[in-house]
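There are 2 protein chains.
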Amino acid sequence: MAVIVQKFGGTSVANPQKIKAVAERVMGYHRQGHQMVVVLSAMAGETNRFVDLANQMQVIPDTREMDVLLATGEQVTIALFAMAVKEAGLDAVSLLGDQVKIVTDSMHTKARIQYIETERIRKHLADGKIVVVAGFQGVTQGGDVTTLGRGGSDTTAVALAAALAADECEIYTDVEGVYTTDPNICKNARKIDRISYDEMLELASLGAKVLDIRSVSIAKRHKVPVHVRSTFTDTVGTWVVEEDKDMESNPVSGVTCSKNEARITISRVPDVPGTASRIFNPITNEGIVVDMIIQNTRDGAMTDMTFTVPRTDYKKTMKIMEKVSADVGAEGVSGSDNIAKVSIVGVGMRNHAGIASTMFKVLSDEGINILMISTSEIKVSCVIEEKYTELAVRALHDAFGLEKCNK
Amino acid sequence: MAVIVQKFGGTSVANPQKIKAVAERVMGYHRQGHQMVVVLSAMAGETNRFVDLANQMQVIPDTREMDVLLATGEQVTIALFAMAVKEAGLDAVSLLGDQVKIVTDSMHTKARIQYIETERIRKHLADGKIVVVAGFQGVTQGGDVTTLGRGGSDTTAVALAAALAADECEIYTDVEGVYTTDPNICKNARKIDRISYDEMLELASLGAKVLDIRSVSIAKRHKVPVHVRSTFTDTVGTWVVEEDKDMESNPVSGVTCSKNEARITISRVPDVPGTASRIFNPITNEGIVVDMIIQNTRDGAMTDMTFTVPRTDYKKTMKIMEKVSADVGAEGVSGSDNIAKVSIVGVGMRNHAGIASTMFKVLSDEGINILMISTSEIKVSCVIEEKYTELAVRALHDAFGLEKCNK
Chain A
1 MAVIVQKFGG
11 TSVANPQKIK
21 AVAERVMGYH
31 RQGHQMVVVL
41 SAMAGETNRF
51 VDLANQMQVI
61 PDTREMDVLL
71 ATGEQVTIAL
81 FAMAVKEAGL
91 DAVSLLGDQV
101 KIVTDSMHTK
111 ARIQYIETER
121 IRKHLADGKI
131 VVVAGFQGVT
141 QGGDVTTLGR
151 GGSDTTAVAL
161 AAALAADECE
171 IYTDVEGVYT
181 TDPNICKNAR
191 KIDRISYDEM
201 LELASLGAKV
211 LDIRSVSIAK
221 RHKVPVHVRS
231 TFTDTVGTWV
241 VEEDKDMESN
251 PVSGVTCSKN
261 EARITISRVP
271 DVPGTASRIF
281 NPITNEGIVV
291 DMIIQNTRDG
301 AMTDMTFTVP
311 RTDYKKTMKI
321 MEKVSADVGA
331 EGVSGSDNIA
341 KVSIVGVGMR
351 NHAGIASTMF
361 KVLSDEGINI
371 LMISTSEIKV
381 SCVIEEKYTE
391 LAVRALHDAF
401 GLEKCNK
Chain B
1 MAVIVQKFGG
11 TSVANPQKIK
21 AVAERVMGYH
31 RQGHQMVVVL
41 SAMAGETNRF
51 VDLANQMQVI
61 PDTREMDVLL
71 ATGEQVTIAL
81 FAMAVKEAGL
91 DAVSLLGDQV
101 KIVTDSMHTK
111 ARIQYIETER
121 IRKHLADGKI
131 VVVAGFQGVT
141 QGGDVTTLGR
151 GGSDTTAVAL
161 AAALAADECE
171 IYTDVEGVYT
181 TDPNICKNAR
191 KIDRISYDEM
201 LELASLGAKV
211 LDIRSVSIAK
221 RHKVPVHVRS
231 TFTDTVGTWV
241 VEEDKDMESN
251 PVSGVTCSKN
261 EARITISRVP
271 DVPGTASRIF
281 NPITNEGIVV
291 DMIIQNTRDG
301 AMTDMTFTVP
311 RTDYKKTMKI
321 MEKVSADVGA
331 EGVSGSDNIA
341 KVSIVGVGMR
351 NHAGIASTMF
361 KVLSDEGINI
371 LMISTSEIKV
381 SCVIEEKYTE
391 LAVRALHDAF
401 GLEKCNK
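In order, the protein sequence lines correspond to chains A and B.
Residue 401 in the working numbering is what sits at position 401 of the first sequence, and the numbering runs on without skipping anything.
Residue 386 in the working numbering is what sits at position 386 of the second sequence, and the numbering runs on without skipping anything.
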């Protein structure tokens, strides 16, 4: 008898019929004797509806109140799901973030989980109940409602699995698993059977939307086996696990792209110690995550500094930078949200030389100009003009032979 | 500087534009120096949408989960309202039932308030914030979400006003106040300027929908002056206050009707001590409120017992009664949800003889058969066939001259 955490996304619980179908699936596991914890997202479309409503109230909606608003989405789903289970004759109980207690910091709309109490869940499981937890939401020590940001329900699920020392965590979604690249962009994209936490971390951070990066990071830290699979079939999906020798031996495991970036350049910054922290502190203090940073020395005492931030934070960052630019005595600030990041990922890169240069050549052969480059042990990312995104992805997928599975 | 609690119903906050208009009204009071606590209902239509969803999940939706579902309606409104206030440059904070703490018993979907903590609200008021409280909802000692049943937001508002020892409680609605009868039924209906708690209690319990009966009862107990008025005008509405000599001297203050009743008869019950409690205990244990009860002795050892319950509880009650009927050795159970209750109310009845018989004559002259009668010091109610409801209301309103204000 295993403890299993299953998470179902918004498209899986988009209407009462789908919620019933998902409940049937969960009850099947329960009837096999497993202790089931279900984490649910808001019904598809609800979050957008709330954002629209909020935007009608306030130009920049207050983040504390935004969380109060957004958290209702999951609250609706867990109540309906628990009803579906009870109608089928089994017992269930819905729990909100503050009922579980999923305690977070107070960074509203992108809060981080600090700890999870498991006592109440364990009690309900021991009583034979299916426990239905609202994904995406938590509560501060002071009792304020928080949300975890995009992909937050994945994080809730994996963090719960870790806290409960669950045997596995299944992430149900509307695709069959993790693909070598986005099948909507490249028809040769192939489902990956097993992938390491490290590769999945890179893929998730580089734009693969199937699994939220924080959830992968928690899974890695606590060694939670994560199974990404489809709600609508019984097919085995992709297992995200510790790296082992049975994994594929392609130097590149996947190609990702992201259009959620924006690029900002601050020009002719006096090159004195402490400048970088004076530039980036005000941004990170706002909870904005800076991704790539490039510093070019222009002449002796001046440098240009270019970095990327999430596109949703672009305007806010530009505003902050205009002030910072004056403070540090830079010449000015420019930016563009018309860019994309294309990346290749693979633990195999460690053993294959020249992967990066192959990537640069492939892009160059297609006439695509590289604006920024960033590398790690297992990935290479290039920022390019947005309009070339799909072309770049297809060319790289072909060039590295990802349509074939090499064991 | 007064502490004022204002409650706005679903039609007053039906969309973002209306929420903004309501926020403007509240901020006007705040700018005059008053400390404002606002209690909001769900946007009009939301509760029905949730009930529809729940009915798609479960034939008889689980009441604990129903509360989790329903409570989201008010949560949405308070978040949007707080955003509107902040956009206008003032400060506001939204509070859920469990954040305030509005602690209730655990009778889900019709919970009763046990106590309200005021510390957090007072702190926010002292900080100059407009405090925006979710109506209709509370939390049990154990941390479960509860709702207070129909009209629950009125109860929240008056109970908060009592707990805070507020100077007044304003109930904003889509009508201009309390009328001598429903203006949709009788075009001569007239707005009442001042009405006593006792009369309002009877009117509310007898079908006047403008103010929930529990809220009147709390207002009476704590002497909270309640002002029922329109959200859409600045006209003075109806003050619900302690009885005084300036009130109108009509023997009858108002005529009400209710189609929310159903009648159940249990026939040939053995007339032995304890039978009544064996009949009614199982119903009240389910939280169903029995209204009128009539017992007719049929012959020596047998009686017929007839009573009314809310129409929404009709099927459930019939089911219970079929079991009870067998248990107590009765002949059988019959019922009808095709009835209505028409009532006249007025503290003036105490000083006027023959009011009840005038009522019976008026109904009889219209050819309306009286099925059940119930009286108190200040009201007379008659159960009649539903189809005669409007006819009866108009005839009684005319007969007692309610279109005129008699001081």
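In short, the hints are calculated from the structure, not lab data.
Computed from a predicted structure; not experimentally measured.
For each residue, glycine too, the CB sits at the ideal point set by N, CA and C.
Worth double-checking, as some hints may not be accurate.
What the hints assert, rightly or not - Far from chain A, by Cβ distances over 12 Å, these chain B residues were calculated:
(1) R25
(2) D52
(3) R278
Claimed, not checked - The list that follows gives simulated cross-link-like pairs (lysine-lysine, DSBU-like), each with its CA atoms no further than 30 Å apart:
(4) A:K123 / B:K101
(5) B:K110 / A:K129
(6) A:K20 / B:K315
(7) B:K319 / A:K129
(8) B:K387 / B:K223
(9) B:K110 / A:K20
(10) A:K110 / B:K316
(11) A:K101 / B:K101
(12) A:K191 / A:K209
(13) B:K319 / A:K20
(14) B:K316 / A:K129
(15) B:K387 / A:K319
(16) A:K129 / B:K101
(17) B:K387 / B:K191
(18) A:K101 / B:K110
(19) B:K123 / A:K110
(20) A:K404 / A:K387
(21) A:K110 / B:K223
To test your reading of the hints: which numbers does this structure violate? Hints 2, 8, 10, 15, 21 are the ones this structure does not satisfy, whereas the remaining hints hold.
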